[in-house]
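Assembling the complex is the task here: the two chains are given apart, and the hints tell you how they should meet.
If you're matching them up, the sequences are chains A and P in order. Numbering (the working numbering) for the first sequence: 1 to 93. Numbering (the working numbering) for the second sequence: 1 to 203.
Just so you know, the hints here were simulated from the structure itself, not pulled from any lab data. Being a predicted model, the structure only gives us computed values, none of them experimental. Where hints are given, some of them may not hold.
What the hints assert, rightly or not - Computed, partial: chain A to chain P, Cβ under 10 Å:
(1) 15
(2) 16
(3) 17
(4) 20
(5) 22
(6) 24
(7) 27
(8) 32
(9) 34
(10) 38
(11) 50
(12) 51
(13) 86
(14) 88
Cβ atoms here follow ideal geometry from the backbone N, Cα and C, with glycine treated the same way.
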Amino acid sequence: MAVKKVAKKGVVTKIITPAIVRRIQKVNTGHLVYVSPRNNNWIVRKDGAIKATHVYRQKVSAVNAAKRMANDSQEINQVIVYNLQGEISKIIK
Amino acid sequence: MSFNTNIFINCPFDNNYRPLLQALIFITLYFKFTPKIATTKSSSHVRINEIITLIRDSKYSIHDISRCEPLNTGELPRFNMPYEMGIDIGCINFGSAGQKTKQTLILEKTKNRYDVVISDISGQDIKEHNNKPKKLIEKVMDWFGANGAVPVADLRGISTVWAKYQECTAKIVITLTATGYTKSEIKKLPIPQYIAAMTSALS
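Pulled out of the complex, with its shape left as it was, chain P reads as follows (with noise of 0.2 Å):
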């Protein structure tokens, strides 16, 4: 049943992507959805053994393919989610019949810089957030009703669900502060902790 429910996200998890993270997980949530990332898995066992097992038990996927390059000048660029962004494709082609029902989600940072990276997915409806949360938010939502994982009536309008986000930040923010968060401490909130708070935000 769960694997109806469950969206594997496949994102950087760096500070500079924190909020379209955050964004993420917000809109997951917000729909009834489980998320699932792979930091949320312990680190006793081989990474890729885990994702390999969240991709399998979700029947959605968000890959976000915008932070396919270097972090800093002369670094080499980060290919954790192309590749894991490939398993899954892979799972949806030679998987058995209920992998074959998997939906999944491209996005990247601008329209068509997904040509110069990964020229091979270019006939893929990719969606571009220009790195605005609220624009992701909207194509993840506009994701959600053409593919029928939300029913079309349970939809709402960018500015309601951006306008609940942000009540729910506040609850969040409000309450950690006053338990003796410090602003930095609640910016780099774990993440299987965000969406403990962002649940109860939302409940």
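Just chain A, with the same shape it has in the complex (with noise of 0.2 Å):
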């Protein structure tokens, strides 16, 4: 059982093939809006704007926005949140 276990475990190591490379390349960001941290506020941004659509000072009231604005459209569909660290700490679909 031991052996099949770090048989299994080795098959984990992922690569990233050209078909993965090729579907990154071909991502429509198009329906995303972005909530991340600036100057010390949380800002909405929609994909392909530099300039924030909203801004709030706590994180939830950011995300909520950003939901409403995804609810509300019919292009948006994804919330992408960034954490201080510019990673994305989660998605919400």
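Listed below in structure tokens is the structure:
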């Protein structure tokens, strides 16, 4: 059993194949809205825009606003939330 | 030809530094440079020889000495970064005419911390990133503009570039999640694979 586990563990190593590379290229970011920190505030920004559509003091308010935006819009269907380090902390569909 | 577009990146590879390294990879690829990182080479060779080859083959180099400190209390600090930086600066000073054209950027965590760690480099222009990827991208762009690596007309504002970075990371995470990668696997993506993913996100 233990050997199987180890073997299974070894298989976990994944490689980004050319197919995945092509999929990354093809991702349409037009349906995304971003929530990220800026100057001690939290901003909501549509894809392709630099300026924030909304600015909030609280992260939760920004996330709620982005969710509302996604609900109201026919195009936007995912909210991408970033942390202070610029990493994606959550994807809300 | 590749000498002029290669950037040797000398930085730590621990998880805490990961967001900064990813930003560093992004900004080099964004301006069509090739990041040269020691981990992209084969482990069957002597590591320092590989590093020397990377330094020799790169016109530009970015040295981040912000982690010249112990990872945990009671441990000894790591000196790989200052050592490799020393080789690069030696290469500029004692190397061939081509090597003397090399350009170097030294990054630190906070302003003047290097005065305590390596006071010999006090005369050099060292940039601080405060452990913030956005600030790191801004400093690298400033450096590209200052040394002519990127024509001023091609430089963009930090907000534009940062928005592009967010867009690229979103593309990578969405695709990898859809293809079965877990959150931790995405976070620990090997550097060569991250470079491949970021290259395709930017294309």
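Hint check:
A hinted interface residue such as residue 15 of chain A counts as satisfied when its beta carbon comes closer than 10 Å to some beta carbon of chain P; here the least separation is about 7 Å, so the hint holds. Hint status for residue 16 of chain A relative to chain P: holds, with the closest Cβ pair at about 5 Å, below 10 Å. The interface hint given for residue 17 of chain A holds, since its Cβ lies 9 Å from the closest Cβ of chain P, which is under the 10 Å cut-off. Evaluation of the residue 20 of chain A hint against chain P yields a held restraint, the C-beta minimum of about 6 Å falling below 10 Å.
Against a cut-off of 10 Å between C-beta atoms, the interface hint on residue 22 of chain A holds, since the closest Cβ of chain P lies about 7 Å away. A hinted interface residue such as residue 24 of chain A counts as satisfied when its beta carbon comes closer than 10 Å to some beta carbon of chain P; here the least separation is about 4 Å, so the hint holds. At its closest, the beta carbon of residue 27 of chain A sits 4 Å from a beta carbon of chain P; the interface hint therefore holds under the 10 Å criterion. Annotation: interface hint on residue 32 of chain A holds; nearest CB of chain P at approximately 6 Å, less than 10 Å.
With a least beta-carbon distance of about 6 Å to chain P, the hint placing residue 34 of chain A at the interface is held under the 10 Å criterion. Hint status for residue 38 of chain A relative to chain P: holds, with the closest Cβ pair at about 9 Å, below 10 Å. For residue 50 of chain A, the interface hint holds, since its Cβ comes within 10 Å of a Cβ in chain P; the closest pair sits about 5 Å apart. Of the supplied interface hints, the one on residue 51 of chain A holds, with its beta-carbon coming within about 8 Å of a beta-carbon of chain P, less than 10 Å.
The beta carbon of residue 86 of chain A is positioned within 10 Å of a beta carbon in chain P (closest approach about 4 Å), and the interface hint is therefore held. The beta carbon of residue 88 of chain A is positioned within 10 Å of a beta carbon in chain P (closest approach about 5 Å), and the interface hint is therefore held.
In summary, the structure agrees with every hint in the numbered list given earlier.
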